[in-house]
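Colleague: Each chain, written out:
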Amino acid sequence: MFRKVLIANRGEIALRIISACKELGIRTVAVYSEADRNSLHVRFADEAICIGPPRSADSYLNVPAVISAAEIADVDAIHPGYGLLSENANFAEVCRASNIKFIGPPPEVTRLMGEKEKARMAMKKAKVPILPGSEGVIQSEEEALDWAKRIGYPVILKASAGGGGRGMRIVRTAEELPNLFRAARTEAQNAFGNGDLYMEKFIERPRHIEFQVLADEHGNVISLGERECSIQRRHQKMIEEAPSLQVSPKLREEIGQTLKRSLENIGYQNAGTVEFLMDEDGKLYFIEMNTRIQVEHPVTELITGIDLVKAQFRIAAGEKLSDILPAKIELRGHAIECRINAEHPEKFTPSAGKITVFNVPGGNGVRVDTAQYAEGVVPPYYDSMIAKLVVHGVDRAEAIARMQRALGMFVVEGIHTIIPLQQRIFADEDFRAGFFDTKFMERFFEREKQKNAQ
Amino acid sequence: MFRKVLIANRGEIALRIISACKELGIRTVAVYSEADRNSLHVRFADEAICIGPPRSADSYLNVPAVISAAEIADVDAIHPGYGLLSENANFAEVCRASNIKFIGPPPEVTRLMGEKEKARMAMKKAKVPILPGSEGVIQSEEEALDWAKRIGYPVILKASAGGGGRGMRIVRTAEELPNLFRAARTEAQNAFGNGDLYMEKFIERPRHIEFQVLADEHGNVISLGERECSIQRRHQKMIEEAPSLQVSPKLREEIGQTLKRSLENIGYQNAGTVEFLMDEDGKLYFIEMNTRIQVEHPVTELITGIDLVKAQFRIAAGEKLSDILPAKIELRGHAIECRINAEHPEKFTPSAGKITVFNVPGGNGVRVDTAQYAEGVVPPYYDSMIAKLVVHGVDRAEAIARMQRALGMFVVEGIHTIIPLQQRIFADEDFRAGFFDTKFMERFFEREKQKNAQ
Amino acid sequence: MNAGQLQSLKDLIEFLKQQNVGEFELEQEGLKVRLNFGGKEKPTVSGPDAGQIAALLAAAAPATSAAPAAASPAPAAAAARAAAPAADENAGLHIVKSPIVGTFYEASAPGAEAFAKVGDRVEAGQILCIVEAMKLMNEIESDAAGEIVKRLVTNGQPVEYGQPLFAIRPR
Amino acid sequence: MNAGQLQSLKDLIEFLKQQNVGEFELEQEGLKVRLNFGGKEKPTVSGPDAGQIAALLAAAAPATSAAPAAASPAPAAAAARAAAPAADENAGLHIVKSPIVGTFYEASAPGAEAFAKVGDRVEAGQILCIVEAMKLMNEIESDAAGEIVKRLVTNGQPVEYGQPLFAIRPR
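Residue numbers (the numbering used here), protein chains in the order written: chain P, 11 to 464; chain F, 11 to 464; chain W, -18 to 152; chain Y, -18 to 152.
Bear in mind the hints are in silico, worked out from the structure with no lab data behind them. Ideal Cβ placement from N, Cα and C applies to all residues, glycine included. Hints may contain errors.
To be verified - FRET-style restraints, in silico, Cβ to Cβ:
#, chain 1, residue 1, chain 2, residue 2, range
1, P, Ser332, F, Asn275, 42 to 52 Å
2, F, Gly229, W, Ile108, 45 to 55 Å
3, P, Ala337, F, Pro64, 48 to 58 Å
Taking the hints into account, I'd like the entire structure generated from these sequences.
Modeller: Encoded structure:
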């Protein structure tokens, strides 16, 4: 096992990784920006090194600063957490060159999965169901009409170079296609300097379902089942749960086997998450793979009893999955996570500042992952998530009841949080019935607006 | 299910019960003394009623005050928690007369189990192994010699009326018996005005092992396995764990079956704990039964996945065990609880006062039950336990490592706590190896004294 | 609380009564008030009235009527609680508090004359009311001599330990 | 820090050095200092010396030498950190801080002459030292003109972002 590890992250995930290290007997080195001098990840690490000013680009995302800190602290390994440098293949390569073990897959795999089209093709080859779409760039309106016919309407046009909705058009009939194609191409050209478009099947009410995998460095891959992450606001997940009501044991087993085969072929290593969209008929389509630990990993930990971050370290130290995991993975009960963001619960403006009161709920079946504390400060420079409230119950009904009582006992004063919004979601009939998709929050806000207007 | 319940307790257990009620959809009424006006059990209950001044005898132990509060709040049931009125059969009777359901066994059973000699005889009749001893009062030295011969040395003489070590003598040989017998009788006579003595087998290095049971109101009893509670200071438990390393699956099954039979005969109802001593050969002897929820119930909850407090309510509402529990109870992993007392970690003087910093550990496998918070006050009137830190791991080694990291992250300032002592215990080789008995803490302090003297 | 706020509260109370609301919660920054008049039938009054709510509010929520400096609730002893309601107008008054939890009755039986009314001059040791607890009628004696200037609870109302019952101007 | 405390600390440091201690932690009410000199071989110095420990201590633990009023650590910006060590004796001095994390070297190569020594007069823009990060030798320029009155780190010592390197009395 490693002697000493640098944690190239901040906030709750840095503390989560430090906790795992402490339990494994690994010494820890925190890095921090000047804004995080009084953070708990600094307090609870064995050593701490200031690597730059508050802006992430100058500190947490500054590869030379992080690597220098690793060198002067003389660590064996770096855990990147999520976000920041976690999916930066160059960083993983510098680690390798510096003879420091990067806790994650090799840079080649990270790079492959980072290029969406290549990842899609690799998964398609391995027989993972992917969203039907055009192969490569569509050159003309005629070609677009042809693809749309093969894929079946509705389809969506997307900019090859793009993101954030620009150069994107939903097309429902052949009649409207030519105009929309031209509009998308112009928009993409203006936004990205590149007018290339491709086409995918459009799902009106998709669910976001993802599978957690672990892979050792001896060619073995295992799937630990799925998480349901459809409750999102502007593509940001807010609530995640496991298992999904929509995934039958048979489907879980099938996807698990397919992922095992495909990721063994690709040479995947360490923890990863394979994201799918589920259509209205319950069919899953691969969209992308995240080559790191995920924010919402605790829900999988609670139902499987497996510590995923410890597993990451043991995998990176060369252990085999068969030595890390129980012989048979059993899913037990139901887990739900609420992200607690420091945001105004209606306007969603970030709410940085000093926390005056911080009462964390506890008791049976409640887990809180946070690096915040009473009298602590939420700096304005980083992600607004200040805590994850996770519950475990014998079934979804108990988990929901438990989350409601825990949300009611989570007292944060001095800043705004979305706790009141989370409470309203858990009181929502559709949510409680499991009747939702990634458009749920839009409808939810619409319903609230109408109610308030009455 | 009940509509509204009064919680006749304070501190963490009051909050624990309120949490269970919230998850079951039951309205809650807190009662409080003037010293607890700002307590979390008052804050998180739906209603709260002040029942008296700080002294427990005038508030929490004041039966008319508690019953009056129940009447003016119009509750269906009272949950007594542990301690205070929980094993007061008269209180349970008043509840019954007032047409309020007492969450616990019927007063007759509480009364039987409260009289140790009767409880012992009832268990003996039901073939539960009891500590060998004299039957009733020993009249003379000759009779004492006779009993000692039958029981086998060493034996212990105890005052029938007594407690607290007075009138108690350990006898290792027949030669020393007559003198010790006379001394014990004189001491008992002086202390209690009653010189009656009885005799029991003396176990040099006993372990304290207890079995959790649940019993419904339809005659069904089940054992949920044991807890190991040998780490005690002055008969106060400090650390509890489940399962015990000393209890084989076979022994667990045997004792479970015996308890099921005997408690079904007795007509036991609701939750209870049967306490045993284990001798050096691994044999268990019944000592007493606690007819209430126990402080250390969370370790059983963590390894069984059963919510014991919710089960108490469901049983009291008339549900059957077969509807409350899974078809097969499986023990999963290992759980340990540390009691966090507001005491000086070396001198053990109680440490009341204002808490200035209160950082509760969280993350994977950590549960904290507490009613304390930053800026909260520990009043000097009550029990010194301010929190229970409970961990769950795949095995004892992981649970110990997790407890160590969690203790290190539990920051309490403003008052003293025994956290530093708990940390030293978890670093102790004998404790880690599971090599301990109820005398462990005496030896531990002796070893520390010797080390410090060097 | 200024005049406007007081008026709003009165409106609210009237509305609550109109609507037969049995429970009421008020939460402000650092302050939480809970009331519950639902449930069992009261033997002598048919339901809560506005005066009763106002009295309970005053008793349970000192911060709303006390000076702004006292707006954040400190650990409050019963004395502080009792003294706080309108500290200004109660200045110099002695407060008789309930020594037990129970139900307040003004008279020995429904329809009988009240033990004490506003304006009465009472002696220390004189019976002022009854608080019923567990079917026992506990006579509550005055612990001061003087004139009763206020009764702070209504007949049939549940009272906490330490809850103010009467205000007396001592002789 | 009074004279007695300072002397105790010096004794402790000498002792630590004597015992070849490679790591050192100091914790006080609300203050935690960690040092680590173990691990990789330093190219030019064989081990930590007392001056190095003292300098790091001074840099990392402002509260120990600052006035009692500053004893509880507030969120500290680098400026505060740099200015704090012996605010009294550094008053009026300009502190040159490390702009990057790395290893401090006084000279361009082992054995070569140091870029700057105490007593030297330097110009703004003049190279004072090198901080090595990822095998790159980064020349650190002075951001003030004046006389170097103190060097706060030793050759081969690891330095944080914002760590004070030199104290300059500005011209």
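Colleague: Check each numbered hint against the structure and report the violated ones by number, ascending.
Modeller: Every hint satisfied by this model.
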